Amino acid sequence: MQLTSPQFKTRSREKLADANLQAALKKLQGNFVKGRADRVAELENFPAIRDAAADIRSRTLENLDAYLEEFERNATAAGATVHWAETTGEVNRIVCELAARYSVKKAVKSKSMVTEECALNEALEAAGVKVVETDLGEYILQLANDPPSHIIAPAIHLTKEQVSDVFEVKHERPRRTDIPGMCQEAREMLRGHFVTADMGISGANFIVAETGSTLIVTNEGNGRMVTTLPRVHVAITGIEKVVPTLEDLSTLIRLLPRHATGQTISNYVSVTTGPQREGDSDGPQHFHIILLDGGRTKLLGGDMQDMLRCIRCGACMNHCPVYQSVGGHAYGWVYPGPMGSVLTPTYAGLENARDLPNAATLCGQCSVACPVKIPLPDLLRKLRERQFEQGLKPAMEAWGLALWRWAAQRPAIYAMLAKVGARVLATMATKHDGGKRLIHALPMGGGWTDGRDMPAPTGTNGKTFRELYQARQNRQ
Amino acid sequence: MSARENILGRIRASLRRTDSDGAAARARARIDAHALSPRPSVKGDLAALFRTNAVKLLSTVAEVTHLCEVPATVAAYLRAHNLPMQAVCWPEIAALDWAASGVRMESRPARRSYDSDLVGVTGVFCAIAETGTMMMRSSGNTPPATSLLPETHIAVLNLSQIVPSMEEAWQRLRYTYGPGPFMPRAVNFVSGPSRTADIEQTLTLGAHGPYRVHIIMVAEGD
Ligand code: SF4
Chain P
1 MQLTSPQFKT
11 RSREKLADAN
21 LQAALKKLQG
31 NFVKGRADRV
41 AELENFPAIR
51 DAAADIRSRT
61 LENLDAYLEE
71 FERNATAAGA
81 TVHWAETTGE
91 VNRIVCELAA
101 RYSVKKAVKS
111 KSMVTEECAL
121 NEALEAAGVK
131 VVETDLGEYI
141 LQLANDPPSH
151 IIAPAIHLTK
161 EQVSDVFEVK
171 HERPRRTDIP
181 GMCQEAREML
191 RGHFVTADMG
201 ISGANFIVAE
211 TGSTLIVTNE
221 GNGRMVTTLP
231 RVHVAITGIE
241 KVVPTLEDLS
251 TLIRLLPRHA
261 TGQTISNYVS
271 VTTGPQREGD
281 SDGPQHFHII
291 LLDGGRTKLL
301 GGDMQDMLRC
311 IRCGACMNHC
321 PVYQSVGGHA
331 YGWVYPGPMG
341 SVLTPTYAGL
351 ENARDLPNAA
361 TLCGQCSVAC
371 PVKIPLPDLL
381 RKLRERQFEQ
391 GLKPAMEAWG
401 LALWRWAAQR
411 PAIYAMLAKV
421 GARVLATMAT
431 KHDGGKRLIH
441 ALPMGGGWTD
451 GRDMPAPTGT
461 NGKTFRELYQ
471 ARQNRQ
Chain S
477 MSARENILGR
487 IRASLRRTDS
497 DGAAARARAR
507 IDAHALSPRP
517 SVKGDLAALF
527 RTNAVKLLST
537 VAEVTHLCEV
547 PATVAAYLRA
557 HNLPMQAVCW
567 PEIAALDWAA
577 SGVRMESRPA
587 RRSYDSDLVG
597 VTGVFCAIAE
607 TGTMMMRSSG
617 NTPPATSLLP
627 ETHIAVLNLS
637 QIVPSMEEAW
647 QRLRYTYGPG
657 PFMPRAVNFV
667 SGPSRTADIE
677 QTLTLGAHGP
687 YRVHIIMVAE
697 GD
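These protein sequence lines map, in sequence, to chains P and S.
For what it's worth, the numbering used here labels the leading residue of the first sequence as 1, then goes sequentially.
For what it's worth, the numbering used here labels the leading residue of the second sequence as 477, then goes sequentially.
Note that these hints are calculated values from the structure, not bench results.
No false leads were slipped in.
Covered stretches of chain S, as calculated for chain P (at least 3 residues, CB under 8 Å):
1. 515-529
2. 636-646
Cross-link-like lysine-lysine pairs, in silico, DSBU-like; alpha carbons within 30 Å at most:
3. P:Lys-373 x P:Lys-27
4. S:Lys-532 x P:Lys-34
5. P:Lys-34 x S:Lys-519
6. P:Lys-160 x S:Lys-532
7. P:Lys-170 x P:Lys-160
8. P:Lys-373 x S:Lys-519
9. S:Lys-532 x P:Lys-27
10. P:Lys-26 x S:Lys-532
All values reported here derive from a predicted model rather than from experimental measurement.
In this text, a Cβ means the ideal position worked out from N, Cα and C, and glycines have one as well.
Put together the whole structure using the sequences plus the hints.
Following this line, the structure appears as structure tokens:
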């Protein structure tokens, strides 16, 4: 996927003005945020389950090499072939080679964020393989040539009219505008692809060391189709997705759908181990698994290691006030929201994503919502520190801070500037919200006031804190 | 050096250890322990709980006493939903007296074609009370396509197959097919009809898999 994170601010401004997107994001809070809260409240010992989930992920990371080797051994024994890829480019090369080896003309894909990291579709198309996304949201986006804006609900930013437009043009059928009708139309189109595809490509929500299995969860059933029908199945996932046992898997599956969509369990949890067995009437003849590093080992052993616990549930973005305001596209890469603001700078380079660590209010909602207790605000703060050390702060901010430092070291000048400033600001309030006086536009402070109003100083006639403090001391 | 060696080497370097310091033994011990983590307590009447949770996830449920009542129950369901009196099923179900019920039943996997069979009847390996989920294992006699491709999926289960949670489902699989490798090619957990909310977050059934899942719970006999 093309990286557009450097344009975070411009894109945010566009997104704030997009009324359809704003309505969709509001609805998302009602569905996913409330759904998660309800499902978590049903678990009487939720804190203990959550502690256990975080612990499973942490302890696995501490012996990651051993679990991966164990996984490889068991997957191979079951007849799968395990490949290792250091970079996303290597993933693409391996998949293209497999496509050539098995004379693949068409591949069907179930949703995989790792393959978005790789831009795999483009690589396969360039190699002459037709790729069809089969998750309904991803399918719509592929037809519309639009990137996903949420890791669970990728097409959340489109209205049903926009989907009708796309289907009408691409399916060349009479226009339908009812949602069940459009879903049925997509089902019919995609069923044709499922039964004729040569290769199925999926991600893996988890891989299990004990049995060498890969697992995907879907609600639509496309994950089952992709792993059942084509004669070749390629599962692509990050090395951090391994869990030791089926018991550990059960704990994580108990939390993933609850946090992702507010469901107790996803409709289909499919665990696959090796290719078709003797006597089986379905399943792939060839099963390949690709394990991607792609920057993950850089997080290991450092102060960002906690991020590798992530199970990609999306709860942190659903609960983030910044995501709720601007949606996923503004973040400019595969992963939006707080987890994306940590992952994008670490995978794609801090210099390519300088606004992202700052695209959070550090309100802490994300880490409260996270099922594996990732301290996202702490990680974002560390990235900000790193940015500062590398001199990657935006110029305006560096200049402003330097000026403030100069004034703060000169108390008389500081007091005078603060006095003038407070009085001027007090006269600038143009809006009233209840008892609060608000400044709607601030010269040179557009970064603040374009997206929200600034509270005007409230002291009588705009007195500064120092003046009020002085007056209070005198009274005592 | 291969990508494999490089990645494993980087992991070991990041974790500041060599490959000989017992990580493999630690991992093996953790796996062999099959430790259970805290989980919600699933108490009381498992069948009732399974039923409640399955219905919440939009499956429909019928209860019968004996296995021999299944064909008539299937026939009644098909009639009530205006479906053709025709279906495919897993071999384990084929021996029932279908002719008497008026359902033309074929014992074969659902067709992998653009227009598959309309109704598939399967058994289950076990069922999970905590979530109202059915667990199916793939084999020549239990083809996954039959619960996936038809528009209507009817599943027959015995109350003795209901376990509290996913953990017990795995234990049962391990106990039945182990020791040694016990995983079939595919284990599919199914929790109601296929669904999507990808257009305007509006729930719609029958995205790719069945529009309808009907579960027949049999009380007596295995
Ligand atoms: S960081 Fe936590 S909340 Fe966010 S996607 Fe990952 S697991 Fe979910």
